[in-house]
Amino acid sequence: EDKVVQSPLSLVVHEGDTVTLNCSYEVTNFRSLLWYKQEKKAPTFLFMLTSSGIEKKSGRLSSILDKKELFSILNITATQTGDSAIYLCATLSGGSNYKLTFGKGTLLTVNP
Amino acid sequence: NAGVTQTPKFRVLKTGQSMTLLCAQDMNHEYMYWYRQDPGMGLRLIHYSVGEGTTAKGEVPDGYNVSRLKKQNFLLGLESAAPSQTSVYFCASSYLQAGVGNNEQFFGPGTRLTVL
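Note that the protein sequences, when read in sequence, are chains A and B. Residues in the first sequence are numbered consecutively from 1, following the numbering used here. Residues in the second sequence are numbered consecutively from 1001, following the numbering used here.
Fair warning: there could be bad hints in the mix.
[Said to hold, decoys possible] Derived DSSO-like pairs: lysine-lysine, alpha-carbon spacing no greater than 27 Å straight-line:
1. A:K3 - B:K1070
2. B:K1070 - A:K99
3. A:K99 - A:K68
Quick caveat, the hints were computed from the structure, so don't treat them as lab data.
Whole structure, please, built from the sequences with the hints as guidance.
What follows is the structure, given as structure tokens:
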């Protein structure tokens, strides 16, 4: 059974801190790993990672994938209160029948 | 572009009642998905569709039916609602399979359903 495990499940930091969110996976026929940010409503797409060691960056957010050790990290530097959200990790796996498996998410709270 | 819209936003049902949730997208996407999100469980795929007239089961399909009669619409039906179906339901769409190439999923705002 495919598994995606995120850690920590929740995290409270102060504005300006740097945080690292973790996502490990055990899936059959891995294709890609995706990160989403979910504020009050719908998840919004952040990154898609397919290759090991290549950092994807968007402003203060960055992410990298390690296909050998089967994990990804999402870094947020100089956190702001607007970064408070649930961060979801998902993997796409499969050959002809794709499967998208989500982790349970990390709840990040950034206090002023 | 409205993106992905869902109706209704909230609904309360009694056990045994039926209802249909409507998802619409105006991005000409082929793939559409229905997820449920429960506390501590992440997003779980109920059903999905890879094109007009097609549907397929996801991870937790029992108790739900879907239809994709038009490309832009994906309907999720509950024939006989149960308290275990109390959840937040999200619809999503993507041009092709999300996670392949540059295909990302766009999510709707969600429907909060309570079954008493």
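Results of checking the hints against the structure:
1. For the suggested pair K3 of chain A and K1070 of chain B, the alpha carbons sit about 34 Å apart, so the restraint of at most 27 Å is broken.
2. At most 27 Å may separate the alpha-carbon atoms for a hinted pair to count; K1070 of chain B and K99 of chain A meet this at roughly 24 Å.
3. Restraint check for K99 of chain A and K68 of chain A: satisfied, since their Cα atoms lie roughly 20 Å apart, inside the 27 Å limit.
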